[in-house]
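Chain by chain, the residues run as shown.
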Amino acid sequence: MDMAFIIETIVKIVVILLVFSALAGLGTYFERKVLAFMQRRLGPMHVGPFGLLQVAADGIKLFTKEDIIPQNVVKPIFKIAPVITAATAFMAAAAIPFWPQFTVFGYTVHPIVADVNIGILYVLGMMAIGLYGPLLGGMASANKFSLISAARSAAVFISYEVVSGLSLLAPLMMVGSLSLIDINNYQAGGIGNWIVWSQPVAFILFWIAAFAETGRTPFHLIANDHEIIDGFGTEYSGMRWGLFFIGEYANMFFISFVIAIIFLGGFGDGSIAGAFQLLLKVSFFFFFFLWTRAAWPDVRPDQLMWLCWKVLMPIAVINVVITGFVMMF
Amino acid sequence: MHSEPLNDRNVSEQSAYYYVDIEEYPTTGWDKFKQVVKRTFRGELFVGLWVVMREMIKFDIHTVQYPKEKLPIGPRYRAVHKLLRLWESGYERCIGCGLCEKICISDCIRMDTKIDENSRKEVTEYSINLGRCIFCGYCAEVCPELAIVHGQRYENGSEQRAHFVIKDDMLTPLDFLTSGQQAEYPGFGSITPNESVTKTPLAY
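Chains A and B are the protein sequences, given in the same order. The first sequence: position 7 = 58 (the working numbering), numbered continuously. The second sequence: position 59 = 367 (the working numbering), numbered continuously.
Note that these hints are calculated values from the structure, not bench results. Any given hint could be a false lead.
Unchecked claim - With a Cα cut of at most 27 angstroms, we get these calculated DSS-like pairs of lysine-lysine: (1) A:361 to B:346; (2) A:112 to B:376; (3) A:361 to B:340; (4) A:361 to B:342.
In isolation and in its complexed conformation, chain A is listed as follows (with noise of 0.2 angstroms):
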């Protein structure tokens, strides 16, 4: 491993840590706005042209503010689950390619951190991993709508995980590989190539799933402010609550950037144009998340275990077998 390689790789693990930080801190924004606007409100207007600095605010807010451990807490692993939500979260990021490769002053970029053969079971995995972050925050925090709120994250995020990967599994038998890239490049001759024309139910059951998997509005069980506070965030503050937001914001742009790149070609060829289709792609699938939040409304944890295992998991089952009898014969 040459020097060239760890620092090339550093500068790209720093910029995806600062963009996507950002990006998290511009979601909250537009979230507030395009839900205020589905609700004819304006909105944060005060801080900034258009409150367009309300961000800072409250950056400045959450770095400031008083960061409080209760008394009846276990505190170790109270103060390690923000990290491990926002962490995992990062960590998945490592093998999402973000935009083609290109080349700058003769030096070619990939800009993917590793481009590990068995990508999309990684971002899985990761993203499976950030489980622990409200599960462990919300045993720890000696209060029992964190406790509800644990119990409920483990339930879905663990029935989800079956709806996420089974789904998946008929589009990869197709491409034949797990790399993003690999996946991307299947895709490359336009849009008659999209797996989404021969896979549309692969690509319908992992969306829900994104839902379950992002705790975004319809499956928002797992810190449902209208039943249990803020579920496992309800004893944290500060920026230990800050984290598990970045955390939640970086996941939705992380799987908006996987379901667009495994269902609707990504970036392409790997042309300029394709990666602006990418960046649009993703746009879409962040905003239909904000766009459901304002538009629907939530279901039960029952109904969602219900709708995983009796409906969901059957047929993505059932989608594998049939993908696997088309491919056969």
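For this one, chain A is given, so just place chain B on it according to the hints.
Chain B in isolation, oriented as in the chain A frame:
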């Protein structure tokens, strides 16, 4: 709309009341399955998505950006009280009759009077305890001289609320009166200028 059909609260042909048509809950597994399939493919979720998207595109924002924009309030809005002056002489309208003090149901008006050198009753102290005032408006209603009225001043953030309701603060300043800025509410019970509200003569 006539209210007669609504008076009969029983569900019948004549009354306006009827039972909401609720479908029977499915009991067998096959019926439940059919209900799930029907609800899944009826596309109601997309109706919800369309409704919020339509509102976003129409951009029909109803927010009032309060400190910058204010909604108009009615002329008889019951905010912090004002003591008015006679238009032609600038003399205080209050004759110290004490009716407002008497009628105040939360007992928050306090006034002191004396007889001045012209044998005219003069109000020396007049204060309203805003901590107890419920803004019922009885004082303004009972006042025979239209001396105490409710103002439109609802922004009463200050170091002490009491500062709004001592006599010097409630009474219309003389320069306000001469520049014609003393507001009178319109409508029933309002004054007829130069006629009803003039200084009562001491002797006829």
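Here is what the structure says about each hint:
1. A:361 to B:346: holds, 16 angstroms
2. A:112 to B:376: holds, 25 angstroms
3. A:361 to B:340: Given pair residue 361 of chain A, residue 340 of chain B holds - Cα atoms ~13 angstroms apart, limit 27 angstroms.
4. A:361 to B:342: holds, 15 angstroms
In summary, the structure agrees with every hint in the numbered list given earlier.
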